[in-house]
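*Asks:* Starting from the structure of chain Z, add chain H with the ligand where the hints point.
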Amino acid sequence: MRRALAFSRNTWRGLTSMRTALVLLFLLALAAMPGALLPQRSLNAGKTREYIAEHGWWGTLLDRLQFFDVYGSVWFSAIYLLLFISLVGCLVPRTTEYAKALRAKPVLTPRNLARLPHHATVTADATPEQVMADARAQLRGWRLAERDEAGGARSLSAERGYLREAGNLVFHFAMLGLIVALALGKMFNYEGQVIVLADGSGEHCNAAPANYDSFRPGLTVDGTGLHPFCVRVDDFTVGYLPNGQVDQFLVKIRYQAGDDLAAGRWHPYDLRVNEPLRLAGDRVYLLGQGYAPTFTVTFPDGQRRTQTMQWRPVDTLTLLSEGATKFDPPGVTDSGERRTRQLAVTGLFAPTALIHDKVLTSSFPDLTDPAVAVDVLRGDTGLDSGRSQSIFEVDRSLVDSGRLTRVARQNLKPGGEITLDDGTKVRFDGVERWVNLQVSHDPTQLWVLVSAVVMILGLGTSLVVKRRRLWVRAAPDDEGRTVVAVGGLARTDQAGYGEEFSRIAARLLSPRRDT
Amino acid sequence: MPVNETLASYSDWSFGAAALVYVFAMIFYTVEQAFGRAAKKSEAARELVHAGAPATPQIGLITEVPTRSRPERFGRMAVALTVLGAVLHLASLVLRGLATERAPWGNMYEYGAAAMLVAVVTWLVLMRKFDVRRLGAFVLTPIVILMFLGGTVLYTEAAPVQPALQSYWLVIHVSAAAASSGLFLVPGVVSLLYLVKVKHDADPAKFARLGPRLSDADTLDRLAYRTTIFAFPIYTFGIICGAIWAEAAWGRFWGWDPKETVAFVAWVVYAGYLHARATAGWRGSRAALINTIGFAMVVFNLFFINLLVTSLHSYA
Ligand code: HEM
Numbered sequence: 001m002r003r004a005l006a007f008s009r010n011t012w013r014g015l016t017s018m019r020t021a022l023v024l025l026f027l028l029a030l031a032a033m034p035g036a037l038l039p040q041r042s043l044n045a046g047k048t049r050e051y052i053a054e055h056g057w058w059g060t061l062l063d064r065l066q067f068f069d070v071y072g073s074v075w076f077s078a079i080y081l082l083l084f085i086s087l088v089g090c091l092v093p094r095t096t097e098y099a100k101a102l103r104a105k106p107v108l109t110p111r112n113l114a115r116l117p118h119h120a121t122v123t124a125d126a127t128p129e130q131v132m133a134d135a136r137a138q139l140r141g142w143r144l145a146e147r148d149e150a151g152g153a154r155s156l157s158a159e160r161g162y163l164r165e166a167g168n169l170v171f172h173f174a175m176l177g178l179i180v181a182l183a184l185g186k187m188f189n190y191e192g193q194v195i196v197l198a199d200g201s202g203e204h205c206n207a208a209p210a211n212y213d214s215f216r217p218g219l220t221v222d223g224t225g226l227h228p229f230c231v232r233v234d235d236f237t238v239g240y241l242p243n244g245q246v247d248q249f250l251v252k253i254r255y256q257a258g259d260d261l262a263a264g265r266w267h268p269y270d271l272r273v274n275e276p277l278r279l280a281g282d283r284v285y286l287l288g289q290g291y292a293p294t295f296t297v298t299f300p301d302g303q304r305r306t307q308t309m310q311w312r313p314v315d316t317l318t319l320l321s322e323g324a325t326k327f328d329p330p331g332v333t334d335s336g337e338r339r340t341r342q343l344a345v346t347g348l349f350a351p352t353a354l355i356h357d358k359v360l361t362s363s364f365p366d367l368t369d370p371a372v373a374v375d376v377l378r379g380d381t382g383l384d385s386g387r388s389q390s391i392f393e394v395d396r397s398l399v400d401s402g403r404l405t406r407v408a409r410q411n412l413k414p415g416g417e418i419t420l421d422d423g424t425k426v427r428f429d430g431v432e433r434w435v436n437l438q439v440s441h442d443p444t445q446l447w448v449l450v451s452a453v454v455m456i457l458g459l460g461t462s463l464v465v466k467r468r469r470l471w472v473r474a475a476p477d478d479e480g481r482t483v484v485a486v487g488g489l490a491r492t493d494q495a496g497y498g499e500e501f502s503r504i505a506a507r508l509l510s511p512r513r514d515t
Numbered sequence: 001m002p003v004n005e006t007l008a009s010y011s012d013w014s015f016g017a018a019a020l021v022y023v024f025a026m027i028f029y030t031v032e033q034a035f036g037r038a039a040k041k042s043e044a045a046r047e048l049v050h051a052g053a054p055a056t057p058q059i060g061l062i063t064e065v066p067t068r069s070r071p072e073r074f075g076r077m078a079v080a081l082t083v084l085g086a087v088l089h090l091a092s093l094v095l096r097g098l099a100t101e102r103a104p105w106g107n108m109y110e111y112g113a114a115a116m117l118v119a120v121v122t123w124l125v126l127m128r129k130f131d132v133r134r135l136g137a138f139v140l141t142p143i144v145i146l147m148f149l150g151g152t153v154l155y156t157e158a159a160p161v162q163p164a165l166q167s168y169w170l171v172i173h174v175s176a177a178a179a180s181s182g183l184f185l186v187p188g189v190v191s192l193l194y195l196v197k198v199k200h201d202a203d204p205a206k207f208a209r210l211g212p213r214l215s216d217a218d219t220l221d222r223l224a225y226r227t228t229i230f231a232f233p234i235y236t237f238g239i240i241c242g243a244i245w246a247e248a249a250w251g252r253f254w255g256w257d258p259k260e261t262v263a264f265v266a267w268v269v270y271a272g273y274l275h276a277r278a279t280a281g282w283r284g285s286r287a288a289l290i291n292t293i294g295f296a297m298v299v300f301n302l303f304f305i306n307l308l309v310t311s312l313h314s315y316a
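Protein sequence lines, in the order shown, are assigned to chains Z and H. Here the UniProt record's numbering is used: position 210 in the first sequence is 210, and no number is missing along the way. Here the UniProt record's numbering is used: position 15 in the second sequence is 15, and no number is missing along the way.
Since the hints were made in silico from the structure, they are not lab data. The reader is advised that the hints may include incorrect statements.
Derived, one-sided and incomplete: chain H residues facing chain Z with beta-carbon distance under 10 Å [to be verified]: (1) A34; (2) V161; (3) V262; (4) G284; (5) S285.
Note that the Cβ used here is the ideal one computed from N, Cα and C, for glycine as well.
Just chain Z, same shape as in the assembly (with noise of 0.2 Å):
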């Protein structure tokens, strides 16, 4: 039992202890490295299997190491619970240390001032109580203790600075404060994309993760109790520089939140990036951009079908952009038949059509002239199958087994038209935009920015103050005269109290004795 203790003693001092503290702050910033380095799977994950796939064992290895989600790791959480706990650890008693310190007296004037890194001496004509009044009176603003000595001397012990500690301590306070607030904030955050069409007829809804098209969760998050509101976009607008560099985004939306959902209230917003609409805990912004063609097919019997779907960009540049419409056949009951029946319109779509040897590219991102390039297939899309399947294109392997078949290959201008040959018409209408949002929520954010806020206030106070030391002795000679000395001494870091000491030395020592 005894020796448990003594083992859990010199654990506890060991982990509180500077060296302690030191090593695990070099282990953490070694730890966050292989982040910055290696793809991480909470920012691409595609690019993550990539990247395992192609350093076979080796990427496999780093993938049970967890190098691939270094800041949700065991090892990177253990190393900033340790140094959490040694920072608790640490504070703990320098709390105490300095609540004392701030009652207890100045330290006793050292026998020999002349052994400080700062002093001087002069004989003046002042009896040692004129020298200590005069003293006090320069020192305002230290904390003084004057004392008397042996021979008839006096001495006087000056300390300041003493907001040093403080703001040192204040700011490592602040930091626990932010370590704890940013663990809040991963229980009860969530982050939610989804895509919307610029035309007004889309809508989404914050009221389940459903309603994303993808959507991360914080750890105690199950997706009911999500704050409940809507947003519209009404209209997209993007301003392009004549390289083609964007310069200004503008997306109009109309929104509702709490009470205005049972009235069907809505308010006008403009988001911008850099500004998102803010909702109480929930903000919304604009994080991508893209267009939506629109086609119309028009079948043999003459039913039709128009759909506007969104294409993603396949090139950040020019937007030039790939994507699979899919129309089911109108009137068929029959699956079987069905699944022999349905088309898809797929291909690329270019903003700002660049046709060469039929190869259609985009010059431009803005829609100054769009075009498509596409080719129809007929037979199974798979959108029947149950099987969950991208937007963005057609299941390779139905094209690979034969039940999807290409049935035209053709580029199309707005108004273009292909005739299949059963007659069923597919024409290309025109293009929307849409706009990708995201929708955050994150409760305790302002607590980090007020702890962070508190840590830097802290630290300018803790690294502008100097904690110092001076001491004053007045003692009478064999004249009658008085050998009036000082000292001083900075507590931290020498930097800088040289100049500081000189002035006021430079002040009690002047031959000035008019009192």
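*Replies:* Using the frame of chain Z, we list chain H with the ligand on its own:
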């Protein structure tokens, strides 16, 4: 937003001229350092205050006895050239700002130029406070190299910035980052010299030629520390502003984007430096090594992350 091409080309011209003037300054510093006397030993006396004659800090160029040695004259000319270079350097930045009508640090070239200007100015200020003029060439070398890389590999035509950068946070966050990076350069280099000096002091056979010509170890150490504690809060402030901006621009205040990660690593390393100076057994050489690593991280963050890793920060 059109770009004023005339101003932009004056800016480029001015940048090149500044780099060239720095090269000449380097040569002059090297002459002083190679032919000048070894560091004065009388420095120890500076802390003493003599009764009745308080030491007033000497400010400005001191008009001394006219018998100035030739190497010293070279040193003074080197300082004058450095000032001239800094003026041209500043002009280049201001002209870019005027040409593009925005803060002139929207891409890597501009950012590097701004950071290097801060480094040069930091050095000019420090030369007045510490007896370190002879070390000018060591500090200017990385500055000139970085400026050369900036002016060639990273060079970017004057242009407006993309929407994510059109924010007043560009001014605040990036200027804090550039200023602290520039400031960190000086202690990074000086800490390296400190390591050399300490090795030499322990065994005069090591660095026998260079060692005696460096300032004394204590001066180097104090200079590095004082500059670092000045830069560190600015760096911290820059990171916090970055987080605030990221919250508005990218939807989260911290996402372990590579740039953020390495900034965090560098911050932790500098925090380690400050702790090391308060830890027995870690003061001196170990602390100096940590400081140098800190600056290496800052440079790594600028080059490696911007050029080789996909990051939200890859604007350049
Ligand atoms: C999360 C990890 C930590 C970070 C990022 C951190 C950061 C800092 C920073 C930036 C300073 C500089 C302020 C100054 O010099 O006055 C500092 C000082 C200090 N820290 Fe920490 N700290 C951490 C953990 C700890 C721990 C665990 C301890 C105790 C074992 C500790 C003890 C101290 C002490 C005693 C000082 C004052 C040093 C001095 O007077 O220069 N810190 N810390």
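*Asks:* A separate judgement is required for each hint: does it hold in the structure or not?
*Replies:* Outcome of the hint check:
Interface hint at A34(H): violated, since its Cβ lies 31 Å from the closest Cβ of chain Z, which is beyond the 10 Å cut-off. With a cut of 10 Å, the hint placing V161(H) at the interface with chain Z holds, because the nearest CB-to-CB distance is about 9 Å. Evaluation of the V262(H) hint against chain Z yields a held restraint, the C-beta minimum of about 5 Å falling below 10 Å. For G284(H), the shortest C-beta to C-beta distance to chain Z is roughly 13 Å, which exceeds 10 Å, and the interface hint is violated.
The restraint placing S285(H) at the interface with chain Z is violated, with a minimum CB-CB distance near 15 Å, outside the 10 Å limit.
When each numbered hint is compared with the structure, violations occur for hints 1, 4, 5.
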